[in-house]
Amino acid sequence: MKRFFDMYKVEQRIYFRSPDVILFGLAMPLVVLILITMINGNKAAADSGLTFLQSAFVSLTTVGICCTAFMSIPITIVEMRNQGILRRMYCSPCSPARILTCDILSCSIIAITSTIILTVAAVIMEYRMSGSIPMFILVWLLTMISMFSIGLLVASLCRTTKSMNIATSVLYFPMLLFSGATIPAEVFPRGVRAIIKWMPLGIGIDTLKKVSIGKPEGVLVPVIVLAVIAVICTAVSVKTFRWE
Numbered sequence: 006m007k008r009f010f011d012m013y014k015v016e017q018r019i020y021f022r023s024p025d026v027i028l029f030g031l032a033m034p035l036v037v038l039i040l041i042t043m044i045n046g047n048k049a050a051a052d053s054g055l056t057f058l059q060s061a062f063v064s065l066t067t068v069g070i071c072c073t074a075f076m077s078i079p080i081t082i083v084e085m086r087n088q089g090i091l092r093r094m095y096c097s098p099c100s101p102a103r104i105l106t107c108d109i110l111s112c113s114i115i116a117i118t119s120t121i122i123l124t125v126a127a128v129i130m131e132y133r134m135s136g137s138i139p140m141f142i143l144v145w146l147l148t149m150i151s152m153f154s155i156g157l158l159v160a161s162l163c164r165t166t167k168s169m170n171i172a173t174s175v176l177y178f179p180m181l182l183f184s185g186a187t188i189p190a191e192v193f194p195r196g197v198r199a200i201i202k203w204m205p206l207g208i209g210i211d212t213l214k215k216v217s218i219g220k221p222e223g224v225l226v227p228v229i230v231l232a233v234i235a236v237i238c239t240a241v242s243v244k245t246f247r248w249e
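Numbering (my numbering), first residue to last: 6 to 249.
Think about it this way: if two alpha-carbon atoms lie no more than 27 Å apart in a straight line, the pair counts; the simulated DSSO-like pairs of lysine-lysine are:
(1) 48 to 220
(2) 167 to 244
(3) 202 to 220
(4) 48 to 202
Quick list of simulated restraints, FRET-style, between CB atoms:
(5) 43 to 236: 38 to 44 Å
(6) 168 to 243: 15 to 21 Å
(7) 244 to 43: 44 to 50 Å
(8) 226 to 182: 23 to 29 Å
(9) 89 to 223: 46 to 52 Å
(10) 110 to 241: 17 to 23 Å
(11) 117 to 11: 17 to 23 Å
Everything labelled a hint here was simulated from the structure, so no lab data went into it.
In this text, all values refer to a predicted model and were calculated from it rather than measured experimentally.
The beta carbon of each residue, even a glycine, is placed where N, CA and C say it ideally should be.
Let the hints inform the model, and build the full structure from the sequences given.
Right, here's the structure in full:
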């Protein structure tokens, strides 16, 4: 166990020292929340039943998930495979499973840290959640697990850095910009909003918004969809994963 925590601490330091993680995973969500609150904070966000502050807070809590799931996890695993690190560790006492677990745990900490920072800022801006906080946390964790499973699937299927970069770009930027994570879904036309609700991250965000305002009716199906995504993607990634 001590060896695991020693390796985890090294991995975590690497992530916290990464400019991309600091900029996109931690700083950007906070800046966007402040800007949206300053411009439209207490105004109603279309017909969603939320203010722009409420909508932005819920959406931006998933930016850390998006950043780590679609960029950090695939990039780290594919680069370790291409550099032969996983192959060498496979024959050593330090198993590849250990370093992969440390990597996923480090990404989880980044996502959680991003959400904590946003929560503190939102409370200072007088945001109060009217829904169930424990239920919100559970849905948020399920969303994170589902997105991480997609990231693992990409890491398993992509054999080269080039193919991984293409796959992560195709996933990351549309999810970040058009799933409602950074730009509130309420500002998009109704037709675009219908498409957003079918995107994996969009499903999680829409469910989180319903839970946050205390209207959990109809969230069972999205929760099942997120769980199915997690199970299928994890199963396929395990089946197709290669250490070298």
